[in-house]
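Colleague: Residue numbers (the numbering used here), protein chains in the order written: chain A, 1 to 860; chain S, 861 to 1195; chain E, 1196 to 1365.
These are computed hints drawn from the structure, not numbers from a lab.
Take the hints with a grain of salt, since some may be wrong.
[Said to hold, decoys possible] Away from chain E, derived, C-beta distances all over 10 Å, residues of chain S:
1. Met861
2. Pro865
3. Glu877
4. Pro887
5. Thr896
6. Gln967
7. Gly998
8. Ser1040
9. Phe1053
10. Gly1091
[Claimed, not checked] Below 16 Å or equal to it, Euclidean Cα-Cα: the simulated EDC-like pairs (lysine to aspartate or glutamate) are:
11. Lys709(A) to Glu991(S)
12. Lys1171(S) to Asp778(A)
13. Lys1171(S) to Glu1187(S)
14. Lys1171(S) to Glu657(A)
15. Lys402(A) to Glu438(A)
16. Lys310(A) to Glu175(A)
17. Lys20(A) to Glu1289(E)
18. Lys1322(E) to Glu726(A)
19. Lys1171(S) to Glu660(A)
20. Lys1322(E) to Glu664(A)
21. Lys665(A) to Glu1289(E)
22. Lys705(A) to Asp1056(S)
Glycine included, C-beta positions come from ideal geometry on N, C-alpha and C.
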Amino acid sequence: MDEWRRLQPRKAGPYKVVGKPLPKVDAYSTVTGRAIYADDIMLPRMLYGGLLRSPHPHARIISINTRKARELPGVLAVITGEDLPRKYGILPSSQDETALAVDKVRYVGDPVAAVAATDPDTLEQALRLIEVEYEVLPVLMGIEEALAHPDIKIHEETRNGNIHKAVSYEFGDIEAGFAAADYVREDWFYYEGNNHVPIEAHACLARWEPDPHDPIGGKLTLWSSTQTPHYVHREVSKVLGIPPSHLRVIAPHVGGGFGGKSDPFSHEICACELARRTGRPVKITCTREEVFLIHRGRHPVKMWIKTGVKRDGTITAMHFRSFLDGGAYGSYGVATTYYTGALQPVTYALPAYKFEGMRVFTNKPPCGPKRGHGTPQPRFAVEVHLDKIAADLGIDPIELRKRNLVRPYSRTINGLRITSCALEECLDQVVARSGWREFHAARLAREAEAVRQSSPVRHGMGLALSTYICGAGKPIYWNDMPHSAVQIRLDRGGGVTVYCGATDIGQGSTSVLAYIVAEELGVEPERIHLETADTTLTPVDLGSYSSRVTFMAGNAAIQAARRLKELLHSVAAERLRLPPDRLESGDGFIYCVDDPQVALSFEQAVQLAEARYGALVAAGSYAPPEDIHGDFKGAGVGPSPAYSYSACVALVGVDIETGEVKVEKLWLAHDVGQAINPLLVAGQVEGSAYMGYGEALMEQQIFRKGRHKIPSILDYKIPTTLDTPEIETILVGQPDDEGPFGGKEAGQGPLLPVIPAIANAVYNAVGIRIDEVPITPDKVLRALKAAHSEPGERPLPPPRVTPIVLNELWPARLIRWSPEHLEQRPDPTNGHHQHPRQGESAPHGAASTSSQLPQKGGTA
Amino acid sequence: MLRLPPFRYLAPRTLGEATRLLAEEGPQAMPVAGGTDLLPNMKRRQFTPAVLIGLRHLRELKGISGSPEMGMRIGAGETLTSISNHPLICAHYPALALAAAAVSTPQLRNAGTIGGNILLDTRCNYYNQTEFWRHSIGYCMKRDGSICLVAPGSPRCWAISSADTAPVLVALQARVRLVSVRGEREIPIQELFYDDGMRPYTREADEILQEIWLPPALGWRSTYLKLRRRGSFDFPILGVAVALRREPDGRIGDARIALGAVASHPVEAEEAMARLRGQQPTPALLQEVATLAAKRARPLDNADLTITYRKQLTPVYVRRALDLLLEAEQGSGAE
Amino acid sequence: MRELITLRVNGERYEVAVLPHRTLLEVLREDLGLTGTKHGCELGECGACTVLLDGVPVLSCLTLPLEVQDCEITTIEGLEEQGRLHPLQETFAELGAAQCGYCTPGMLLSAVALLRQNPHPTREEIKQALSGNLCRCTGYTKIYEAIEAAAERLSVAHQGERRPDAALQP
Ligand SMILES: Cc1cc2nc3c(=O)[nH]c(=O)nc-3n(C[C@H](O)[C@H](O)[C@H](O)COP(=O)(O)OP(=O)(O)OC[C@H]3O[C@@H](n4cnc5c(N)ncnc54)[C@H](O)[C@@H]3O)c2cc1C
Ligand code: SF4
Ligand code: FES
Ligand code: FES
């Protein structure tokens, strides 16, 4: 296994900063109300902007008349689709959106026109004065409907009815796998979609600064509550036809994202265009209802799964199908489709795996990435399905899982490279801490006691495992450039400024950069000044999605810091008359490891280095290694430089008279590698568990008569303090070889096992299966009544997921692939992994010093 | 940002001035107390009054006085927080304290008044939507439209009476005093309600609800159970208020059961109440009573969760409320 | 038509001309520049806009400025006392109770009111007091821990005769 270990000169512990529960660097600005969020920015002469949205789920636009709105005093600009006709979309393969509808609207809420006015009241009036004539078209509101009506096309461009994307893969020999099984089981599952519900609604402010000498006419700045300023920068520039050099996108404090602020949005583009037209700053702040309409939330997914196992529970083959309800536009949907299939083999070792996925367009707000992007749905299906198999075979669900766990430092059947993995330890920890064995042993006594006390509540415990990526292995648009870059500048006075495009959406990514740089340079984190998420000031980081920031920006930061440290140590060595390898940095000094009294202050070292080398600026960058995935088409979704692992046990009480489920406690063990800051990691685990709990029991983005049924946070339920269960976090695992100081992700993975753990616990409590998320009390009660009806009663049938029947073959060409393909490749560097060329000051192999790139930074 | 429509704001200093202003301004004016129901409704353009008349500073609407022996008076302007914290109400009219404490959230209870709660607009999830949403679906008869979207063939509106305190005050047989320039009237609270989602109250547009009178509480026990999805914020999708008095021999002397959120007004379960009177409570009787009471619940598909579910839970909640009261009685008897 | 009103916010008097239909939330943020008060729904459904009126938590998105001219209004900006943070602000920062920080001002004001009424709340009492403030990031646990730690600090400080909570002295 040693070939996997990238021996790297990681700074030796014990660490001074890493691993300490320090406050976040922005903690004091948020607790005092000083932190500035997009809607908090007010500029002189600022206008209020807003969007007119489609009232119809599907309609052709016959005409738009904006005259009355334009003539209203106080209205400075009105724009419609023809003013911004360029198509865009987050994925290069799904360029299917326009900022304002051209010809057609595809969901209730699709933007049709935008207005800028001097005050909010005038804005509202103006939006009402715009007259739009529609021809209403037939409406498709679900997967089955969309498949049944290929003639009603939501997008003209789709080749096959309303199928946006279909994929089909076979890894290993699936037939042989099922033939070798002693037992085969099939199940259908459904996972209702849901919204991110960040407490901050999306907002943005655009400012145009004219310059008549500039052929472009001026420069544009956009402040927006976005997780991905870099992608917004690209798309806004494209749609407005302004070169990227003339556009600056800044993400101020962001009030939560969870994936919902990862697309370029109509309101951002319109604010920019309105600002350009009026020459005045324009702010657009979305209402809560608009957040539900903008959506990009969890896809509703219907899933079919078939698994073959040996008598002892060893899996021989798995076949998985997913049908995604994509809503009206592409968004990240192609990636989501792949993600519903890609990670199954990363949790359990599957000797043969077939995955077929498809995404259809419907007349609903577009779905996109939400915490766990495309993986909570299959996680729910797989973990419940395995529980059923364990019950069928009479095997303990823990044993069944243990038989099949993936092994550290292995390669999955679909070609993904697995490195550090403490999945088994996660499992053991939650089982031990939750008292799982004792709880199950006491089942009969507990039930007898409930009956004796005539209590309607039955308790149950359920368990599930999961895995998640630490950053997508590939960028969203194809390129060879780094995924993250960090620049550091040292000031004569000893100040350290870190520049990075990474966007803190509350997860603490900015803080993590500060800790990492502080540790590496040996200074206090308070000394560090951070400039982040500003496309003009900061080098590119692809954004806060796919749990990539700690891993990728962290590694880039280490590289940049090491380059500077080397310069500092070289001058310090000279001054202290010591060989550089006897020096270390810490507590604001560069000192001799043999005699810490022999030391130079950080400031002195900086001044000496500046005198010697000139201005002290260095850059570091990171791109994931190349050899972490298979070589088939579509292999780009799923690979990651490392995977986090989690296990969850849920304790629930189910009221058999009301169907109400109360989650009393969640135990969550998470393999984060090295926690850069355990306080932040625990916060991510708790927040994920909370969100998983909400998805399991109450959250659903549902529609009625073509409209979002409940676009408010009163009717769309998110858990309050009185609902949220107690959460016990257990951090396990060893530092990852390639992670910054060994760190892995924690922001999304811990959500995944919570939902199936709760579903399995409900089964354990009352013996019924709800194969549909969310598990609402009406479904539970209905299932209970169906299971326990008295003779003579005619209860409703239990809730059941209706299978999707395809009349034709799977609409995608089957791609067959096996890991042997990798071994057969002629490229000599591809044994299992390739060592990228090690730049001399690169922190370790993973931080690629990509050969195409001129080395930025270093000494000036 | 969702904002209010423009209006004029008047701040009378006395009840007399308030009723006069209300009469002068006519139906285009509305009183506002805590504003926690009216202002969200105005932001959604369910109401667009030209004038708001603030009741916040009226001394005549303040105060909680009296005693459980004599009965109590509660000013309509008292906040739900002060009612749920009031020691006499907690001890002797526990159903009211429970209902007030079950409303929405601490912040809303600090501002929301009992008068506003009693006169809460009826709710329906086709109606408690923004102007944009209602425009999109074509409006309904409760505001700006002509049909009912829940029951399209129906000539009436089925919006739901959703105030937590309303069924409790019915079960407690409270009376209310309404004041206008035309005079005052004091009526049993039942007479304040109509079974009509569009016009749920008999209050005239120029009347101000001044106070609530609770009858003496001696010998009565009461409780309130609320069905909702979350521990806070949510309106009831079922409210069960029960008040009982037992005879010294253990028989039930009198019982009142009122259901909230099952119709456009709080519903009294008369048949069930009659069945209980004069009886020794047994599990079988309580079950029967619960089933009888539940017959009065006719939910429609315009609130959270399914109709079947809300219907199925009514007898469970009624029985649980009765069990609670009778158990408590037994408990205290043993002391 | 605008009306000239006087608001007392964080101990300072502000004279502002407001339209009667502007909410306290809008006036605090847009007229007084006190953008620490946040908003997530404007309908009473999230608690992000919580401020204190005479020490009592209410929702500024459902409050008319015209009605609260006789009240002392406390916003997040008023919790610091001459540059010294309120113990709750300290513990929220130290213990990770603020992630994105967007619910934090509202949470803090609810918590300040709680500790003032009940200096040693139980976990259950804390949950009740915060049941009108939604947080989407933390799962609430760290918020409870921060409040418990602040309660501890306040009681120690109290013994040391320090006036702990000046923001709330009328
Ligand atoms: C998110 C949210 C959740 C809620 N949850 C609940 C809940 O669970 N249960 C519940 O019962 N309520 C709930 N409410 C509604 C509301 O907060 C309460 O009903 C509150 O008691 C209303 O009182 P108010 O003083 O704020 O009424 P206002 O909004 O001031 O008034 C309500 C209506 O009554 C009229 N009115 C008020 N006082 C008088 C008077 N004295 N004389 C004549 N007319 C008067 C007004 O003109 C208006 O039509 C919720 C509200 C929100 C925003
Ligand atoms: S019940 Fe019918 S008429 Fe009444 S509010 Fe609902 S949809 Fe409108
Ligand atoms: S902004 Fe959500 S409650 Fe006021
Ligand atoms: S910290 Fe983000 S909403 Fe609470």
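Colleague: Decide, hint by hint, whether the structure agrees.
Modeller: Here is what the structure says about each hint:
no. : hint                     : verdict
1   : Met861                   : violated, 6 Å
2   : Pro865                   : violated, 7 Å
3   : Glu877                   : holds, 16 Å
4   : Pro887                   : holds, 19 Å
5   : Thr896                   : violated, 5 Å
6   : Gln967                   : violated, 4 Å
7   : Gly998                   : holds, 23 Å
8   : Ser1040                  : holds, 23 Å
9   : Phe1053                  : holds, 24 Å
10  : Gly1091                  : violated, 6 Å
11  : Lys709(A) to Glu991(S)   : holds, 14 Å
12  : Lys1171(S) to Asp778(A)  : holds, 11 Å
13  : Lys1171(S) to Glu1187(S) : violated, 25 Å
14  : Lys1171(S) to Glu657(A)  : holds, 13 Å
15  : Lys402(A) to Glu438(A)   : violated, 19 Å
16  : Lys310(A) to Glu175(A)   : holds, 15 Å
17  : Lys20(A) to Glu1289(E)   : holds, 12 Å
18  : Lys1322(E) to Glu726(A)  : holds, 12 Å
19  : Lys1171(S) to Glu660(A)  : holds, 15 Å
20  : Lys1322(E) to Glu664(A)  : holds, 15 Å
21  : Lys665(A) to Glu1289(E)  : violated, 25 Å
22  : Lys705(A) to Asp1056(S)  : violated, 25 Å
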